[in-house]
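Fit chain Y to the known structure of chain V by using the hints.
As you go down the protein sequences, you meet chains V and Y in turn.
Using our numbering, the first residue of the first sequence is number 1, and each one after it goes up by one.
Using our numbering, the first residue of the second sequence is number 1, and each one after it goes up by one.
Think of the hints as simulated: they come from the structure by calculation, not from any bench.
Model, not experiment: these values are computed from the prediction.
Incorrect hints may appear among the rest.
With a Cα cut of at most 20 Å, we get these calculated EDC-like pairs of lysine to aspartate or glutamate [what the hints assert, rightly or not]:
id : chain 1 : residue 1 : chain 2 : residue 2
1  : Y       : K36       : Y       : D46
2  : Y       : K93       : Y       : E155
3  : Y       : K284      : V       : E86
4  : Y       : K284      : Y       : D199
5  : Y       : K284      : V       : E88
6  : Y       : K284      : Y       : E139
Calculated Cβ distances over 10 Å to all of chain Y for the following chain V residues [said to hold, decoys possible]:
id : residue
7  : Q7
8  : A59
9  : F73
10 : V91
11 : V110
Glycine included, each C-beta is placed from N, C-alpha and C at the ideal position.
Here are the chains, one letter per residue:
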Amino acid sequence: MTHSTLQLLLLLIVLTDFAVLGSSRLSACIRWIALQGAVLGILPLVTEGGLTIHVVALAIGTIFVKAFVLPGFLRWAIREAAIRREVEPLVGYMGSMLLGAAALGAAFAVTSTMPESARGSLVVPVALVTVMIGMVILITRAKAVIQVVGYMMLENGIYIFGLTLARRVPFLVEAGVLLDVFVGVFIMGIVVFHINREFDSISASKLTELRES
Amino acid sequence: MNFTTPAVIAFLVVLLLAPAVAGVATRTKSLLTGRKGAPTLQLYFDLWKLVQRGAVFSETTTWIFRFAPVLVVATILLAATVVPLDGRLSLIKFSGDAVAFAYALGLGRFFLVLAALDTGSSFEGMGASREVTFASLVEVGLFLSFGTLVVVTHEISLSGMLGAPFALHWTANAAALVMIGACLFALLLAECARVPVDDPATHLELTMVHEVMVLDHSGPDLALILYGSALKLAVLGAMIISVLIPRANLSPAASIAVLMLGLIVVGIGVGIVESIMARLRLPKVPLYLAGASSLALFSLILVLWNPA
Chain V
1 MTHSTLQLLL LLIVLTDFAV LGSSRLSACI RWIALQGAVL GILPLVTEGG LTIHVVALAI
61 GTIFVKAFVL PGFLRWAIRE AAIRREVEPL VGYMGSMLLG AAALGAAFAV TSTMPESARG
121 SLVVPVALVT VMIGMVILIT RAKAVIQVVG YMMLENGIYI FGLTLARRVP FLVEAGVLLD
181 VFVGVFIMGI VVFHINREFD SISASKLTEL RES
Chain Y
1 MNFTTPAVIA FLVVLLLAPA VAGVATRTKS LLTGRKGAPT LQLYFDLWKL VQRGAVFSET
61 TTWIFRFAPV LVVATILLAA TVVPLDGRLS LIKFSGDAVA FAYALGLGRF FLVLAALDTG
121 SSFEGMGASR EVTFASLVEV GLFLSFGTLV VVTHEISLSG MLGAPFALHW TANAAALVMI
181 GACLFALLLA ECARVPVDDP ATHLELTMVH EVMVLDHSGP DLALILYGSA LKLAVLGAMI
241 ISVLIPRANL SPAASIAVLM LGLIVVGIGV GIVESIMARL RLPKVPLYLA GASSLALFSL
301 ILVLWNPA
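This is chain V alone, in the form it adopts within the complex (with noise of 0.2 Å):
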């Protein structure tokens, strides 16, 4: 029961990484960002081991900061900044669904070479998939909020590696919640100090070329 609900939420995850590959409005991706973040949080209930209040409070930790604290930050970000709604990749949207899709047939093929402990649940290919996804969306786009997405995605992959340490090294996991915290300074970064009001642009191709002129 707890392994296959286990393997439900790791699918859902894949989805919503897809998702926000695919979508095309700002809104949509902090959407599908912010409910792969919630599921994230259950994660670490449904792993074998039972319910302690390190766990729940770890989940609970998770869901609020991933779920409702980040997302409403960079919503906050995109209104404050009057950013438009777009996502503008630099790599089309069918060929970061491609990518992704490579991606996916990499982490398999990948996990399928390491040792019988990784192999035996979906966790270790599924934390490969979202750190490349994320890496992807990292790569592809241009505006910093959507990069910032892309980020979070990272940091999910990473946690998500993480639970399978979780019993043994609890220190690991939380410090990867704590990793949020600098997902926060990086938004705050892009709305405090007003990039778009200074530059007329968020995209982070133009921030190479500041220079006083």
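Relative to chain V, chain Y alone:
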């Protein structure tokens, strides 16, 4: 050839109910959008009316134009014979009939497209080009779905993939099979020219995809084409029902009852999608189909990964 009574009855049920499934979709849409709408059985009246009329043929058309409507219905009937409509066995079963299923539909579409080009109308040529583009992308998802079912059941006929032995594999691969069901539903909407891809209710030739190709057909020819579209919807719907609800353990009567209820649910599903979604812009359609295909790819990888 397996002319068992349940298989024949299921086949006839699908043939007779097909126009009603399309009617349920239209009816759901009109109810959800607050209109009174046409009767659920309107398509039967339309078909009856059209059959009684004479046909008009343009002077520029050749025999292909007259031949195509018959061939469209014939190929869809052929495709229907290899699907295990009663949940156990199809009327005709041979190794690799899943490929025959896909290309019987393909052959029908090919002749429909030829007939559209035969009229020399530029609108029809445009519709034909779009239809073929989308159909070639549908094939990717369809064959990935078939591939998943083959890996799950180790059978390469549709009867084996969806019929009796299939139910045994359901519990081990539930997630992959649900995704296959979702993928097939997305493909059904594209294949049957339904809303996210095409709008059956549009009245502007420029925006039509499937409907524009049949503008020049009239009378009994049009009746055949309308019936063919409805039948395709019903057959693909029956296939989705077979994937999601294995019926091998049900009695034949219960199995056919599930089929009929399932077809109504598919009709309602199509109607709901049509009510809540706008049609996608043309450049977005390949992305929609790629999404459906990645769903099928993911389930294929999943069953290869865990071949329990």
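These are the hints, each one checked on the structure:
1. Y:K36 / Y:D46: 18 Å, holds
2. Y:K93 / Y:E155: Measuring from Cα to Cα gives roughly 12 Å; hence the hint holds.
3. Y:K284 / V:E86: Status holds; Cα separation ~14 Å.
4. Y:K284 / Y:D199: Holds, because 15 Å separates the two Cα atoms, which is no more than 20 Å.
5. Y:K284 / V:E88: 14 Å, holds
6. Y:K284 / Y:E139: Measuring from Cα to Cα gives roughly 17 Å; hence the hint holds.
7. Q7: 6 Å, violated
8. A59: 22 Å, holds
9. F73: 28 Å, holds
10. V91: 13 Å, holds
11. V110: Given a closest Cβ separation of 12 Å, the condition holds.
In summary, the one numbered hint that this structure violates is 7.
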